Amino acid sequence: MIKIEGVSKNYGRGNAVSNLNIEIKDGEIFGLLGPNGAGKTTTIKMITGITEPTEGRVEINGYDICKNPLEAKLQFGYVPDSPDMFLKFTGMEYINFMADVYRVSKKDREIRIKELSNKFGMENALGDTIKSYSHGMRQKVVIMGVLVHNPKAWILDEPLTGLDPKSAFILKGMMREHADMGNAVLFSTHVLEVAEKVCDRVGIIKKGELIFVGTLDELREEFKADSSLERMFLEMTDDEEY
1 MIKIEGVSKN YGRGNAVSNL NIEIKDGEIF GLLGPNGAGK TTTIKMITGI
51 TEPTEGRVEI NGYDICKNPL EAKLQFGYVP DSPDMFLKFT GMEYINFMAD
101 VYRVSKKDRE IRIKELSNKF GMENALGDTI KSYSHGMRQK VVIMGVLVHN
151 PKAWILDEPL TGLDPKSAFI LKGMMREHAD MGNAVLFSTH VLEVAEKVCD
201 RVGIIKKGEL IFVGTLDELR EEFKADSSLE RMFLEMTDDE EY
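Position 47 of the sequence shown, counted from 1, bears residue number 47 in full-length UniProt numbering, the numbering being contiguous throughout.
Mixed in with the good hints, there may be bad ones.
In silico DSS-like cross-links for lysine-lysine, where the CA-CA straight-line distance does not exceed 27 Å [unchecked claim]:
no. : residue 1 : residue 2
1   : K119      : K67
2   : K107      : K152
3   : K119      : K152
4   : K25       : K73
Since the hints were derived computationally from the structure, they do not count as laboratory data.
All values derive from a computational prediction rather than experimental measurement.
Could you build all of it, start to finish, from the sequences and the hints given here?
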């Protein structure tokens with residue numbers, strides 16, 4: 001479970017995020033939606049401990065990300081919005097580095113790496129350097145590195161960007177399977193059709209403020225209409241570009 005309580009972030013020129021309150025439950029996929037610059041990535045950086053909140057607190061499976069950062073960070077796997085990292089490593093070196101960080105045993109990592117590389121079609125590419133990969137392949141190896149320790153909570157910032165249709169389909173299936181096993185999945189996306197098909201609940205952020213949290217049925221009830229998520233989203237965010 002991920003709890004966000006009264007979280008705000010001020011960079012000195014006003015709040016980038018204001019008084020967010022969200023509880024992402026075990027067993028659900030929660031989609032964080034909003035126009036560019038709405039505060040989605042800032043929120044995710046506070047949840048993962050990259051950025052400290054100006055106010056409020058974040059708990060992951062009972063651990064405060066600021067007071068108990070190591071314990072909290074062991075609870076989740078985080079896919080950032082850019083896969084351009086550790087470019088001099090080979091894919092295998094990067095995944096093993098991540099496995100070392102999370103103290104994954106040799107036996108468990110071998111099983112997990114084989115499973116993930118087969119799913120994402122990376123069996124023959126892990127010996128190559130990450131800088132030689134396409135954007136989609138970099139995204140795959142980052143996801144593999146995140147999942148190698150089999151974290152309970154998944155926190156994914158635009159995880160489908162750059163993935164080919166097959167890999168995107170596989171990842172969405174893995175997200176569903178992980179949630180169905182009683183774990184929490186949080187992901188941000190601009191692809192509203194994905195959120196509509198995958199999410200159990202969504203949160204919509206506009207200018208750093210949470211303007212809706214709930215299921216799509218609850219959103220439709222609020223609008224009193226049988227509309228698509230895209231139409232409702234555009235109406236709520238004043239047709240801002242997303």
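Query - Hints violated by the structure (listed by number, smallest first) - result: Hint check: 1 fails alone, others pass.
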